[in-house]
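**Q** Using the sequences and the hints, build the whole thing.
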Amino acid sequence: MHSILKTSLAALVAAGITASSAAADAHGLSGELNIISDMSNPAPRAVMEGLAADFDALHPNLEVNLTIVDREAWKTQIRNALGANPPDVVNWYAANRMRPYVDAGLFADISDLWAEPEFEALASTKGAMTLDGAQWGVPYTYYQWGVYYRKDIFDQYGLSEPTNWEEEMANCQTLLDNGVKCYTIGTKFLWTAGGWFDYINSRTNGYDFHMALARGEVEWTDDRVRQTFANWRQLIDMGAFIDDHQTYSWQEALPFMVNGEAAAYLMGNFAVAAMRDGGLTDDQLDFYQFPMINPDVDYAEDAPTDTFHIPAGAQNMDAAKEFLRYVTSADVQTAINGGDALGQLPVNANASIDADKFLEQGFDMLSNNAGGGIMQFFDRDFDAEMASVGMEGLQEFMVFPDNLDDILMRLEETRQRIYN
Amino acid sequence: MSVSPAVPSTHASRPQRGWYKRNEIAITPWLFLLPAMIFFAVYVIIPIGQSFWISLHEWDGLGEKTWVGTANYERLLGWGDANVDRKFSVSFWNNLKWLVLYLLAIPAGLFIALFLNQTVTGIRFYKSMFFFPFVISQVVVGLVFSWFYLPREGLLNAILGFFGAGPINVLGDPTLATYGIIAAGLWPQTAYCMILYLTGLNAVDPEQVEAARLDGAKGHKMLWYVILPQLKPATFIAFVVTIIGALRSFDLISVMTNGGPFGSTRVLSFYMFEESLSEFGFRMGYGAAIAVVLFFIMLGFITYFLYAMYQDEKGAH
Chain L
1 MHSILKTSLA ALVAAGITAS SAAADAHGLS GELNIISDMS NPAPRAVMEG
51 LAADFDALHP NLEVNLTIVD REAWKTQIRN ALGANPPDVV NWYAANRMRP
101 YVDAGLFADI SDLWAEPEFE ALASTKGAMT LDGAQWGVPY TYYQWGVYYR
151 KDIFDQYGLS EPTNWEEEMA NCQTLLDNGV KCYTIGTKFL WTAGGWFDYI
201 NSRTNGYDFH MALARGEVEW TDDRVRQTFA NWRQLIDMGA FIDDHQTYSW
251 QEALPFMVNG EAAAYLMGNF AVAAMRDGGL TDDQLDFYQF PMINPDVDYA
301 EDAPTDTFHI PAGAQNMDAA KEFLRYVTSA DVQTAINGGD ALGQLPVNAN
351 ASIDADKFLE QGFDMLSNNA GGGIMQFFDR DFDAEMASVG MEGLQEFMVF
401 PDNLDDILMR LEETRQRIYN
Chain S
1 MSVSPAVPST HASRPQRGWY KRNEIAITPW LFLLPAMIFF AVYVIIPIGQ
51 SFWISLHEWD GLGEKTWVGT ANYERLLGWG DANVDRKFSV SFWNNLKWLV
101 LYLLAIPAGL FIALFLNQTV TGIRFYKSMF FFPFVISQVV VGLVFSWFYL
151 PREGLLNAIL GFFGAGPINV LGDPTLATYG IIAAGLWPQT AYCMILYLTG
201 LNAVDPEQVE AARLDGAKGH KMLWYVILPQ LKPATFIAFV VTIIGALRSF
251 DLISVMTNGG PFGSTRVLSF YMFEESLSEF GFRMGYGAAI AVVLFFIMLG
301 FITYFLYAMY QDEKGAH
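For the record, the sequence lines run as chains L and S.
Taking full-length UniProt numbering, the leading residue of the first sequence gets 1, the next gets one more, and so forth.
Taking full-length UniProt numbering, the leading residue of the second sequence gets 1, the next gets one more, and so forth.
Please keep in mind that the hints were generated in silico from the structure rather than gathered at the bench.
Do not rely on the hints blindly, as some may be mistaken.
To be verified - Here are the computed distance ranges between Cβ atoms for each label pair:
1. L:G313 to S:T28: 44 to 54 Å
2. L:S367 to S:T175: 25 to 35 Å
3. S:L96 to L:T221: 41 to 51 Å
4. S:A183 to L:S249: 13 to 23 Å
5. L:G127 to S:F163: 55 to 65 Å
6. L:Q234 to S:F111: 51 to 61 Å
7. L:S249 to S:E210: 57 to 67 Å
8. S:I159 to L:G260: 21 to 31 Å
9. S:W67 to L:G260: 28 to 38 Å
10. L:N65 to S:Q50: 26 to 36 Å
11. S:F39 to L:D223: 53 to 63 Å
Claimed, not checked - DMTMM-like cross-link-like pairs, simulated, lysine to aspartate or glutamate; straight-line CA separation at most 20 Å:
12. S:K65 to L:E385
13. S:K87 to L:E385
14. L:K357 to L:D405
Claimed, not checked - Some residues of chain L that are not near chain S, with every Cβ distance over 12 Å (derived):
15. E32
16. E72
17. R97
18. W165
19. K188
20. Q246
21. D286
22. P291
23. D340
24. Q361
25. D405
Idealized CB from N, CA, C, for every residue including glycine.
**A** Right, here's the structure in full:
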């Protein structure tokens with residue numbers, strides 16, 4: 001299975017790029033290109049190995065060395081990797097998540113790449129790759145967040161996809177009256193609660209306010225933030241979320257939805273594969289955009305971008321930049337994001353979306369109905385330390401909403417320490 | 001064929017020996033100790049010094065260090081006008097809970113050891129069963145106990161349900177979670193203490209037991225006045241190992257709750273890890289300050305242990 005996937009992907013990519021590769025060959029890259037990647041799950045790993053092999057084949061004088069590191073481990077290893085004997089290309093994430101490495105001068109400024117006309121096609125994520133007026137990496141994939149729900153359960157109780165908060169609450173009440181929880185969630189590792197905050201805050205106060213809060217420009221004790229929590233609390237008080245969610249990881253919370261004890265899950269598109277593996281068919285499973293709360297603000301959506309970067313100490317800068325051009329080209333992005341590969345969305349506007357119900361819906365939503373803006377996600381938009389203290393507070397709020405004042409005070413204390 | 005000299009040699013009968021040869025007895029032990037001492041210095045002594053140094057800085061682990069003096073300690077311990085860092089006080093009290101409750105492993109281990117020290121058929125089997133938790137990795141113990149505690153499917157709630165008690169979510173309840181983890185940690189630690197005591201019981205002098213029996217001692221009097229004093233070395237080791245184990249508790253917390261819910265199960269070593277090395281940890285200086293505080297707490301115990309051992313040695317001479 002593994003090798004079949006890999007070879008078919010390789011064939012796909014190879015077929016796609018032969019036309020455009022003639023120009024690239026002219027550069028005559030030589031030497032070594034060392035890549036460290038965190039794409040360690042089976043499917044992403046095959047994609048990465050295919051990318052490296054194909055790039056190697058394209059450049060006869062270049063030797064591509066690929067090291068794959070466990071995704072979770074990479075989050076702590078990247079510091080050492082960038083510091084001592086850095087490779088030429090690494091994986092990381094967009095927005096504030098890359099700030100520590102940008103500030104420490106460990107990522108190379110690649111604004112010159114972004115100035116090339118081909119990069120026009122990546123304009124949608126340019127903002128997320130920009131810090132201090134320069135660009136520090138390129139995106140290779142992104143995915144939408146939204147509410148995945150059990151269509152069969154909705155049909156059973158005569159519910160339809162909610163578009164505003166009243167419908168949302170009414171739907172939820174109907175479900176609860178029938179003994180079904182509205183939402184499953186597992187907050188053991190905290191970040192899932194961050195998704196809920198992103199959505200309720202941006203729907204209540206808008207994208208600009210949310211990002212101002214992320215930049216530390218707004219007090220956590222602000223009335224507008226309190227309004228966000230008040231809206232959230234309506235769901236908590238009616239018992240919309242499953243019990244004991246602080247004990248489960250996001251995967252451990254899936255069975256509630258698969259068994260029909262909960263009707264919906266606010267999640268990233270990567271959850272679809274797990275839901276299908278759990279036995280849900282595409283007839284049972286559907287997707288809707290998080291409903292409107294405040295009609296005065298436009299929809300903003302979470303769509304985290306995964307990225308490649310060049311370390312400042314890279315030995316083979318030319319080859320590294322060529323590799324970034326390669327992974328951002330439309331054909332390659334189409335191939336690596338296909339349903340048989342990553343199963344996510346390509347960033348390049350000229351790439352095509354795989355024929356998958358959720359990818360198509362997500363792409364349509366992000367392109368046509370996210371006028372407010374694209375958020376990266378709580379732990380990528382907010383400063384690292386603010387995010388960790390914040391998500392802990394969000395988890396506590398979901399279990400003990402009465403502690404809100406204390407939680408907000410704590411967050412405000414942290415904000416003042418970090419941003420002053 | 002050798003030709004012997006005609007005149008007797010005027011040289012000293014034995015040739016001059018090398019410097020090493022002359023000092024062999026004094027130097028050789030140090031030579032053997034040298035590798036260990038170098039390793040100890042490089043991997044223990046120098047890093048301790050570095051921790052002290054880093055704790056006086058603000059440092060993200062990547063760029064330049066900024067000198068902040070004792071600012072990290074002021075925030076951590078609430079010196080001056082700052083409040084005590086709440087996460088620190090939670091961690092500190094949890095460490096204390098660990099310290100006190102973990103000591104239960106010693107009497108529990110002794111009890112099981114006494115129970116297993118019988119000559120009954122099949123006792124070897126029971127012994128190996130009791131050895132078992134000690135052999136399993138802490139990570140596995142943590143996993144097994146988290147399943148045991150699961151709010152819906154867990155065995156604990158099945159048992160409680162049988163007695164009509166309501167379901168509880170041990171690891172999801174900030175007031176219970178730490179105790180739940182300690183209970184999990186007590187399992188292998190008790191097994192460890194039991195092994196120590198079983199070894200100690202083997203060394204109990206049968207003649208003294210016999211003599212005490214002739215004097216009419218039995219039951220708990222026999223245990224208290226005859227057996228326990230002879231188990232003193234085993235008790236000492238069990239005490240040292242348990243205290244150190246409680247202070248460095250980390251893996252169970254990491255596996256079972258990851259410090260949660262809402263950071264209520266943090267201990268100092270886990271908090272240190274979170275601040276300096278975890279996914280969002282970019283405060284090396286602050287983490288180092290926590291490490292220094294933990295080091296001083298440990299140092300208190302280590303000094304006491306060394307003192308006790310020294311007294312013991314003196315008594316033996």
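**Q** If a hint holds in the structure, say so; if it doesn't, say that too.
**A** Quick rundown of the hints versus the structure:
For the pair L:G313 and S:T28, the beta carbons lie near 47 Å from each other, so the given range of 44 to 54 Å is met. At about 48 Å, the beta-carbon gap between L:S367 and S:T175 misses the expected band of 25 to 35 Å. Separated by about 33 Å at the C-beta atoms, S:L96 and L:T221 break the suggested range of 41 to 51 Å. A C-beta distance of roughly 22 Å is found between S:A183 and L:S249, which places it inside the suggested range of 13 to 23 Å.
Distance hint check for L:G127 and S:F163: the Cβ-Cβ separation is about 59 Å, which falls inside the suggested range of 55 to 65 Å. The hinted window of 51 to 61 Å between L:Q234 and S:F111 holds, with their beta carbons roughly 54 Å apart. For the hinted restraint 57 to 67 Å between L:S249 and S:E210, the CB-CB distance of approximately 59 Å keeps it satisfied. About 28 Å separates the C-beta atoms of S:I159 and L:G260, a value consistent with the hinted range of 21 to 31 Å.
Distance hint check for S:W67 and L:G260: the Cβ-Cβ separation is about 60 Å, which falls outside the suggested range of 28 to 38 Å. L:N65 and S:Q50 have their C-beta atoms about 33 Å apart, which keeps the hinted 26 to 36 Å range intact. Between S:F39 and L:D223 the beta carbon distance is about 59 Å. The supplied range of 53 to 63 Å therefore holds. This hinted pair checks out: S:K65 and L:E385 have alpha carbons roughly 18 Å apart, not beyond 20 Å.
With a C-alpha separation of about 14 Å, the suggested pair S:K87 and L:E385 falls inside the 20 Å cut-off, and the hint holds. For the given pair, L:K357 sits about 42 Å from L:D405 by alpha-carbon distance, which is inconsistent with the 20 Å threshold. Taking the minimum C-beta to C-beta distance to chain S, about 25 Å, the non-interface status of L:E32 holds against the 12 Å cut. At the 12 Å boundary, the C-beta of L:E72 falls inside the reach of chain S, the nearest C-beta of that chain being 8 Å off.
At the 12 Å boundary, the C-beta of L:R97 falls inside the reach of chain S, the nearest C-beta of that chain being 10 Å off. Against the 12 Å criterion, L:W165 stays outside the reach of chain S, whose nearest CB is about 27 Å from its own CB. Its beta-carbon lying about 7 Å from the closest one in chain S, L:K188 breaks the requirement of being farther than 12 Å from that chain. With 12 Å as the threshold on Cβ separation, the claim that L:Q246 sits away from chain S is violated: the shortest Cβ distance comes to roughly 4 Å.
No beta-carbon of chain S is positioned within 12 Å of the beta-carbon of L:D286; the least distance is around 27 Å. The claim that L:P291 is not at the interface with chain S holds, since no C-beta of that chain comes within 12 Å of its own (minimum 28 Å). Once the 12 Å rule is applied to beta carbons, L:D340 is consistent with being away from chain S; the minimum gap is 30 Å. Under the 12 Å C-beta cut-off, the non-interface status given to L:Q361 relative to chain S holds; the minimum distance is some 31 Å.
Against the 12 Å criterion, L:D405 stays outside the reach of chain S, whose nearest CB is about 15 Å from its own CB.
Going down the numbered hints, you'll see the structure goes against 2, 3, 9, 14, 16, 17, 19, 20, while the others check out.
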